[in-house]
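Trainee: Below are the chains, spelled out letter by letter.
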Amino acid sequence: MQTSRVASDGMVVVDCDIHLNDLPQYLAPYCEMPWRKSLEQLGRTPQRYLDIPGYSPSFGQTPPLPGGHPVRSVDTPQAMRDELDTLGVDYGIVLPDHLLLFATLSNIEYATALSRAYNRWLVAEWLREGNGLYGAVMACPQNPDDSAKEIERYAGVPGIVAVYLPTAGVDPLWGHRRYDRILAAAEAAELPVMLHSVTVTSPAFPTQLNQFENQFGRQVLGHPFAMMANLVSMMHTGVPVRYPKLNIVFTEAGVGWAPFMMWRMDRYHQEYRRSVPFLEERPSDYVKRQMWFATQPLEEPVNAKHLVETMEHYGGADRTLFASDWPHHDFDHPRGLARLPLTQEQRRKIMGENALSLFKLPKPERLAKKEKQLV
Amino acid sequence: MSNNQEAAEAETRAPRSARTPVEYPVGRASEFPPGAHKIVQVGTQEVGVFNVNGDFHALINVCPHQYGPVCAGPVGGEMSCNAKTDWKFHWSRDGEILICPWHGLEFDLITGHCLAPKEMRLRKCKVKVVDGEVRVSLGSG
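These protein sequence lines are chains C and R, in that order. Position 162, counted from 1, in the first sequence is what my numbering calls 162; the numbers after and before it change by one each time, with no gaps. Position 30, counted from 1, in the second sequence is what my numbering calls 30; the numbers after and before it change by one each time, with no gaps.
No more than 25 Å apart at the CA atoms, straight line, and that leaves these computed lysine-lysine pairs for DSS-like:
hint, chain 1, residue 1, chain 2, residue 2
1, C, K245, R, K118
2, R, K128, R, K38
3, C, K149, C, K360
4, C, K360, C, K372
5, C, K288, C, K360
6, R, K118, R, K84
7, R, K88, C, K245
8, R, K88, R, K118
9, R, K84, C, K245
10, C, K288, C, K305
11, R, K118, C, K288
12, C, K360, C, K245
To give a feel for the contact side, a few chain R residues facing chain C, derived at Cβ under 7 Å:
hint, residue
13, M79
14, S80
15, H103
16, G104
17, L105
18, A116
19, P117
A short, non-exhaustive set of chain R residues, derived as facing chain C with CB atoms under 10 Å:
hint, residue
20, E78
21, I99
22, E106
23, K118
FYI, nobody ran anything at the bench for these hints, they're computed from the structure. Think of the CB as a built atom: it goes at the ideal place given N, C-alpha and C, for glycine as much as any other residue.
Given only the sequences and the hints, what does the whole structure look like? Please build it.
Mentor: Right under this line is the structure:
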């Protein structure tokens, strides 16, 4: 692939959703006993991408088809750095591959150990000063008490800039009060929470996608349904009111669903205000103040202007974060956003400046140097 | 009723003045005990007249949301839940909140403001009691 920096004018590019390959054998040395034994055993078993029973249960029901494009994984931070350079990305926020399915794991002790192992591995192996890779502590919805302690433990650790909320198949949804400790810990640590789902068929609302005959149907619905359900879940228990400093990032669902949900919540807030009296403003007001939307997989309407107008409803360039989802099958190249009719200032915010301030990242060296030369 | 019609005719004839709006008699004060309300005709307008804890309030019977007959709805109180209530549900202001029968929007009878969204409001009219007679005048109250 040719290097294709979109930032020739000195624009910083922060990619808010990239994925590392988190095979069980990689995490095993960082895992407590006896669950290390489970990971070692999984490491000796033939493995498929996002489809490891007992680790990343995908509940696949459909036959493999010939054709299609290859599955990509990134196994080392050096490989990730090189690939981000090729994409023209300065910084990337890393999230898992297989553990996107983490919330579907039902054994509480195992899930607790696994989330701790992932966090240890992430910090020890992936986050190095100067490599431009930043991480999100994985929350463990199966064990909110331990998860809150884990967030406190990693708050302030160099390279940790967010809390990852496993969203695919999470039950109950993230607005449930059992997660209050997790959200309170994230707010206290000044770490934004990042919801990330993945296409999965599970008994948990809204992932009962079993009737769909193919990946087209499941993929179209899976991510945005998960984000819509979790947004409403958080709003209906007043999460943004109860945690007014908490920043909430929605990833990998595109952006078009957000205005629809804002308007729908506003409409029913008028009718049911007394059932959510803690919402003293319109639900959309909280969205526009505390929530962020990562671009990928960005909708591709024939007229790109329509997408920019859609984005404006939730705050547009002030609430949007660039994300590529590298190295996944439906990644967005930074260049893809070049076709959007945005002003240069809007483009700078979306591509990186919003993320620099949200995740408190330093200005990249190449830009700092450039500024020095100018002075 | 005939008094009301005469007042309406008088308003049609008289040169309009913001300072001296026509007062429409809408009934005896004794017909509006505290907590009671009635929809009355005031010229061309339907107006809800409410006795809230001894004070009279009159509001045009049109909901700004979808033009429903807001004053035909029940009167209740305000549910709140915030830091001041220690994030517990709290019921207060019983008798001061009007609920539109069409879509359940809640309005503060005293100010006319909607509880959500706050910038929406009902039009209030002037109302007073003269010699035991309730009189409503159109125009801002």
